[in-house]
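Visitor: Residue numbers (our numbering), protein chains in the order written: chain Y, 56 to 461; chain W, 56 to 461.
Check before you lean on any hint, since a few could be wrong.
A pair counts as met if it fits within one copy or between any two copies, since identical chains are not told apart.
As the list claims (entries may be wrong) - Below, computed lysine to aspartate or glutamate pairings styled on EDC-like, alpha-carbon distance capped at 20 Å: (1) Lys394 - Glu423; (2) Lys394 - Glu145; (3) Lys394 - Asp96; (4) Lys119 - Asp391; (5) Lys124 - Asp58; (6) Lys191 - Asp96; (7) Lys84 - Glu123; (8) Lys60 - Glu167; (9) Lys191 - Glu163; (10) Lys119 - Glu350.
Hints listed in this document are in silico derivations from the structure and should not be mistaken for laboratory results.
There are 2 protein chains.
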Amino acid sequence: MNDPKITEVEGGITAPIGYRAAGVASGLKPTGLDLALVVSDSLASAAGVFTTNLAVAAPVTLAKKHLEKSSGFAKAIVVNSKCANACTGERGVTAAQAMAEDAATVLECNTEQVLVASTGVIGMHLDTNKVRAGIKEAAGQLCSGSHRRAAEAIMTTDISPKERAVIVKASSGSFTIGGMAKGAGMIEPNMATMLGFLTTDADVAPPLLNQALRTVVEDTFNAISVDGESSTNDTVFMLANGMSNVKITADDSTYTALVIGLTSVCSWLAQEIVRGGEGATKLVTISVVGAASNEEAKSAARLISNSPLVKTALHGGDPNWGRVLAVAGRSGVMFDQHKAEVRIGHVTLYADATVFSERESDAAQHMEGPEIDVTVDLGTGGTGRATMWTCDFSAEYVHINADYRT
Amino acid sequence: MNDPKITEVEGGITAPIGYRAAGVASGLKPTGLDLALVVSDSLASAAGVFTTNLAVAAPVTLAKKHLEKSSGFAKAIVVNSKCANACTGERGVTAAQAMAEDAATVLECNTEQVLVASTGVIGMHLDTNKVRAGIKEAAGQLCSGSHRRAAEAIMTTDISPKERAVIVKASSGSFTIGGMAKGAGMIEPNMATMLGFLTTDADVAPPLLNQALRTVVEDTFNAISVDGESSTNDTVFMLANGMSNVKITADDSTYTALVIGLTSVCSWLAQEIVRGGEGATKLVTISVVGAASNEEAKSAARLISNSPLVKTALHGGDPNWGRVLAVAGRSGVMFDQHKAEVRIGHVTLYADATVFSERESDAAQHMEGPEIDVTVDLGTGGTGRATMWTCDFSAEYVHINADYRT
């Protein structure tokens, strides 16, 4: 089996065949785009991955229900920013429902074929009149050229829109995957809501699409951390309309091609989210190896990624291997401090219970760059490994999050 | 059974009968006190609670061993600051051992009757010559008036020494409990090392002392969080020399009196540690009620206490109930968002899926004070509850931890 060839292309969420999008200013935000609509020309297979937070927003609950009722098919995705429609009780449920119905009406499809998502302030009620008007306007503007406007409309405090598309050249033919995301910059919403939307013109049955999406999200969107929070609204949707006529089948190279292509799109979007984290100045890759299992490696990597002490040291360019090691030690996974190892860049600072202080200046030099690699060997002799992407922790983060209402 | 009467007294760690202490400048720090010795006139029952971090420092391993070998008896505690003697391999083990032996020699007791603790930089080797000279000097200065010098000698980045003592008037007579601690201000050590040392002249058998210490530490030192880190060196020791002739017996009011008195000392010290957290400007009490169990309440309280988003909002005086609720939702414990409630001070901001935005200014006013109370009802209808103390998260914290080597 040859690896599929992946080529980056323009066009974001509408790069695959048969997708149109729009981004409009519905008035939820005082100025700027705040409502996005993504529509597939034909009914598409659909899958979703959602926040595990028990404080779950109304649109998340509704989208899950729609995926179930439609048996994993959808025609459109409608998303608003500014208002998360979370912690809004029964009225929030009705508002999310109205949003789906309004889109279904203008698109002439069933309500359960519409997937909804919201991001923004928690506890604020959604203005359904503005949403309805916005959806109508968006439906009139749907085209394949509006992918960037859609990507802008889902932004909250994101510095820039995040979109990506690739052509995947597999053995059975070429198909395209497109995507857009909004980030974990978290000031306007009360939490770090992450939204991701993906499209493909490959032909994938709903169960297989679901499997591919879950697999890829685990290693991409679920492998990033800005501040360890998970939101009331986190959502990733994927549509697959089959219009390339390339069929994806389980257990053969087409499925592998889908996963590789999807990973390429999602890992790029995920890393962009980290780069755009509030106050972030560095993209940091935390690799944990030598763990008893991949799960244990991920636990340790996640804890290191979220440690304020590690993240402030990363911000200060301080090759503070001791903090990294100590977080690994408290991570609750198997760990042997006498066989553990910490590397920053290619510089080993601690190994076999020996400290190499004289190498710290080399490590500090690596840390001056925009990307920092930290590798921890847990010393168990196991083959478990995991990678997380995180950012540094700056005073700017504190300013943004402490002072945003003042 | 009447509650015991607790009266605060001067004297810190040497307030109980039969304890002497010293704090000296051994030269580990460029200037200032860096070595403390606490000695009981008679062999005392002893207990210890230690870090659960697997990256554990040599003195912790040694102290555990000594408590075991001596069957829970000790004569003295010796502590150094500046160097954590952690991640120092075999040489670190030898250095910790030497520290205990040197103290045993000058105090004419068995080596296993000496408990050792260290705090400071990780990966730095302990200068045993300086420690030996310091112990000799300290032994010559032992007196009941040096409690404050001892409390100063264990400081790293602490703003001020932390000591406390109380007389406990129980039905069977009065006894005294003294204590000192160093805080979770964490810059000079590479991690937030917390050390606590307690003495009493009550007569308590080692198993009962151990039980009392564990019970109290769980609700005091283990109920605080500055940044969620646990250190390589965290240690709490307690000595009980019986010289008040007040016997503490399990299952009667004397034990309750011991626990109440000890809680009084430890909760004060613990709160002082939070107040002295790096960059801290507020003491925040997080109370979680309505949980399925006390354990679940504590899990949720701990996660809220450690959330950068919550802590930055606390810093900014922002009554951001949505962040608190969302952290409760992701805490992995039973939680019903429709019955949950968030209060800041006495102001209910969210209850029964209803947001009370108009009350935010009242809550903001409460947050202007030096102490903030946040209460979350998880809405399960259960009676589980827990309290954690934490501090806010300021830009100063980032500056201290990012820039401390520069």
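Visitor: Each hint needs a verdict: does it hold in this structure or not?
Guide: Quick rundown of the hints versus the structure:
Within a single copy, lysine 394 and glutamate 423 get their C-alpha atoms no closer than 28 Å, and across copies no closer than 49 Å, so neither meets the 20 Å cut-off. In this assembly of identical chains, the alpha carbons of lysine 394 and glutamate 145 lie at most 20 Å apart only when taken from different copies (13 Å versus 55 Å within one copy). For the identical chains of this complex, lysine 394 and aspartate 96 are neighbours neither inside a copy (57 Å) nor across copies (42 Å), given an alpha-carbon limit of 20 Å. Proximity of lysine 119 and aspartate 391 under a CA criterion of 20 Å is satisfied inter-copy only: 18 Å between copies versus 43 Å inside one chain copy.
With identical chains, the CA atoms of lysine 124 and aspartate 58 are never at most 20 Å apart, being 36 Å at best within one copy and 62 Å at best between copies. With identical chains, the CA atoms of lysine 191 and aspartate 96 are at most 20 Å apart within one copy only, with a shortest distance of 17 Å there and 85 Å across copies. For the homomeric pair lysine 84 and glutamate 123, neither the shortest alpha-carbon distance inside one copy (32 Å) nor that between copies (65 Å) is at most 20 Å. Taking the shortest alpha-carbon separations for lysine 60 and glutamate 167, neither the intra-copy value of 36 Å nor the inter-copy value of 67 Å comes in at or below 20 Å.
Taking the closest pair of Cα atoms, lysine 191 and glutamate 163 come within 20 Å of each other only inside a single copy of the chain (12 Å); across copies the shortest separation is 89 Å, beyond that limit. In this assembly of identical chains, the alpha carbons of lysine 119 and glutamate 350 never lie at most 20 Å apart, being 26 Å within a copy and 31 Å across copies at closest.
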